[in-house]
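Undergrad: The chain contents come next:
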Amino acid sequence: EAQVTQNPRYLITVTGKKLTVTCSQNMNHEYMSWYRQDPGLGLRQIYYSMNVEVTDKGDVPEGYKVSRKEKRNFPLILESPSPNQTSLYFCASRGRRNEKLFFGSGTQLSVL
Amino acid sequence: GQQLNQSPQSMFIQEGEDVSMNCTSSSIFNTWLWYKQDPGEGPVLLIALYKAGELTSNGRLTAQFGITRKDSFLNISASIPSDVGIYFCAGQLNYGGATNKLIFGTGTLLAVQP
Chain A
182 EAQVTQNPRY LITVTGKKLT VTCSQNMNHE YMSWYRQDPG LGLRQIYYSM
232 NVEVTDKGDV PEGYKVSRKE KRNFPLILES PSPNQTSLYF CASRGRRNEK
282 LFFGSGTQLS VL
Chain B
25 GQQLNQSPQS MFIQEGEDVS MNCTSSSIFN TWLWYKQDPG EGPVLLIALY
75 KAGELTSNGR LTAQFGITRK DSFLNISASI PSDVGIYFCA GQLNYGGATN
125 KLIFGTGTLL AVQP
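Protein chains in written order, with this note's numbering: chain A, 182 to 293; chain B, 25 to 138.
It cannot be assumed that every hint is accurate.
No more than 25 Å apart at the CA atoms, straight line, and that leaves these computed lysine-lysine pairs for DSS-like [unchecked claim]:
no.: 1; chain 1: A; residue 1: K199; chain 2: A; residue 2: K246
no.: 2; chain 1: A; residue 1: K246; chain 2: B; residue 2: K125
no.: 3; chain 1: A; residue 1: K250; chain 2: B; residue 2: K125
Just so you know, these hints were derived from the structure itself, not from any lab.
Quick caveat: nothing in here was measured; it's all calculated off a predicted structure.
Let's have the full structure, built from the sequences with the hints guiding it.
TA: Here's what the structure looks like:
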């Protein structure tokens, strides 16, 4: 089954403790992206990657890092999480010429 | 970053009622998309629109690409309880290939009373 898999689904952590949210897709998609969803603000893009070793900032990249060492994986790294990064995070992917984004099921992060 | 203005922010309706929501932008787009997010899940594409003035249906859903290319509308007829969720519009400028960027609206929360 074609899917985007994120882990974990829920995460509670404390300020300053490094964490990684993993994302994997099995559709051989070139493009992958991370979004955060906040009430009243919709989905805002954090980082995206057009292919292996090619990443770029989205609209709200501060406080986040990403890497794309393999085509299927696109982890989101928070080196020193802060409470304003409490949010619902989505990973998404699509093929090179296809605008249809496939989303993961989301990761609800709470930073205390 | 740019965001799209989506309205209404939320709707609470009775089963069987029709629903209308819209999305406006200060910029023009080449493509308009409508997504639905079920509770506890990621957004799923409902309808894609590629041409100004285009009207496209998907079952009880109908969406239109505004003539000015700066807006889009989504209508749901005869709503049912499983229509509950958050609906997002998204606009895209097609630069070609993987560089296309989607700008999402702020979302419309729909609740349907059985």
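Undergrad: Each hint needs a verdict: does it hold in this structure or not?
TA: Structure-based check of each hint:
About 11 Å separates the Cα atoms of K199/A and K246/A, which keeps this hinted pair within 25 Å; it holds. A hinted pair counts as satisfied when its Cα atoms are at most 25 Å apart, and K246/A with K125/B qualifies at roughly 19 Å. Of the pairs offered as hints, the one joining K250/A and K125/B holds, with about 22 Å between alpha carbons and a cut-off of 25 Å not exceeded.
Checked against the numbered hints above, the structure violates none of them.
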